[in-house]
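J.: Spelled out from the first residue to the last, the chains are:
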Amino acid sequence: NAGVIQTPRHKVTGKGQEATLWCEPISGHSAVFWYRQTIVQGLEFLTYFRNQAPIDDSGMPKERFSAQMPNQSHSTLKIQSTQPQDSAVYLCASSLGDWGYYAEQFFGPGTRLTVL
Amino acid sequence: GEQVEQLPSILRVQERSSASINCTYENSASNYFPWYKQEPGENPKLIIDIRSNMERKQIQGLIVLLDKKAKRFSLHITDTQPADSAMYFCAASAYQGGSAKLIFGEGTKLTVSS
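So the sequences go chain by chain: D and Z.
Numbered according to the working numbering, the first sequence spans residues 1 to 116.
Numbered according to the working numbering, the second sequence spans residues 1 to 114.
Since the hints were made in silico from the structure, they are not lab data.
None of these values were measured; they are calculated from a predicted model.
Be a bit skeptical, because a hint or two may be false.
[Stated by the list, open to error] Pulled from the structure, derived: some chain Z residues nowhere near chain D, Cβ distances all over 12 Å:
no. : residue
1   : N31
2   : Q38
3   : L62
[To be verified] Footprint (simulated), chain D over chain Z, 3 or more residues, beta carbon under 8 Å:
no. : region
4   : 53 to 59
5   : 77 to 85
6   : 102 to 114
We treat Cβ as the ideally placed atom computed from N, Cα and C, and that holds for glycine.
Please model the entire structure based on the sequences and the hints provided.
T.: Right, dumping it as structure tokens:
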């Protein structure tokens with residue numbers, strides 16, 4: 001089991017450019033979560049999917065951020081017109097389900113986004 | 001509210017002593033409380049969790065206590081070793097009838113000196 005895979009591991013963009021981050025959940029996991037980690041804000045929830053359907057996007061900035069899960073094997077987080085304050089480690093996690101004993105979330109290695 | 005407060009932010013202990021981290025949560029619907037350990041440059045890894053139908057759980061030298069009335073839960077690491085040095089995060093979620101998102105505490109940097 002390869003665990004949650006995230007690509008790229010590091011991404012550097014210029015201010016105003018677009019960034020697309022990829023996540024491949026653990027095979028068989030039906031729930032996929034996106035979080036963001038910074039020194040100042042800590043670990044923040046962004047959005048999550050269950051069986052590819054968006055369930056909760058309450059943590060997503062309303063402008064410039066979007067997430068999709070076109071199939072069960074990958075999810076993308078897209079940031080348009082990146083700003084320096086978007087610099088963070090973006091973490092993807094997956095779980096077997098999103099309730100009961102299936103709720104344990106396994107984190108990927110993260111994508112470190114740096115916006116210059 | 002949904003905030004989770006974690007204290008202390010920095011904790012230094014001597015090897016073989018105990019370390020305790022405390023968290024409080026606001027959402028009374030929270031029913032799942034995991035603890036994650038994160039080492040520098042690594043992703044968070046689950047070390048122990050507790051659900052709202054339990055008050056205490058122990059896995060080897062890790063003990064988690066949950067007080068639902070006080071909306072408080074805590075991690076106790078017994079017989080600490082230098083390898084326990086890391087960031088520790090508590091989290092809460094309300095997956096039953098709510099969202100499975102994890103709301104994290106601010107983290108505790110634990111240093112165990114030999």
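J.: Looking at the structure, which of the earlier hints fail to hold?
T.: 1, 2, 4 and 5
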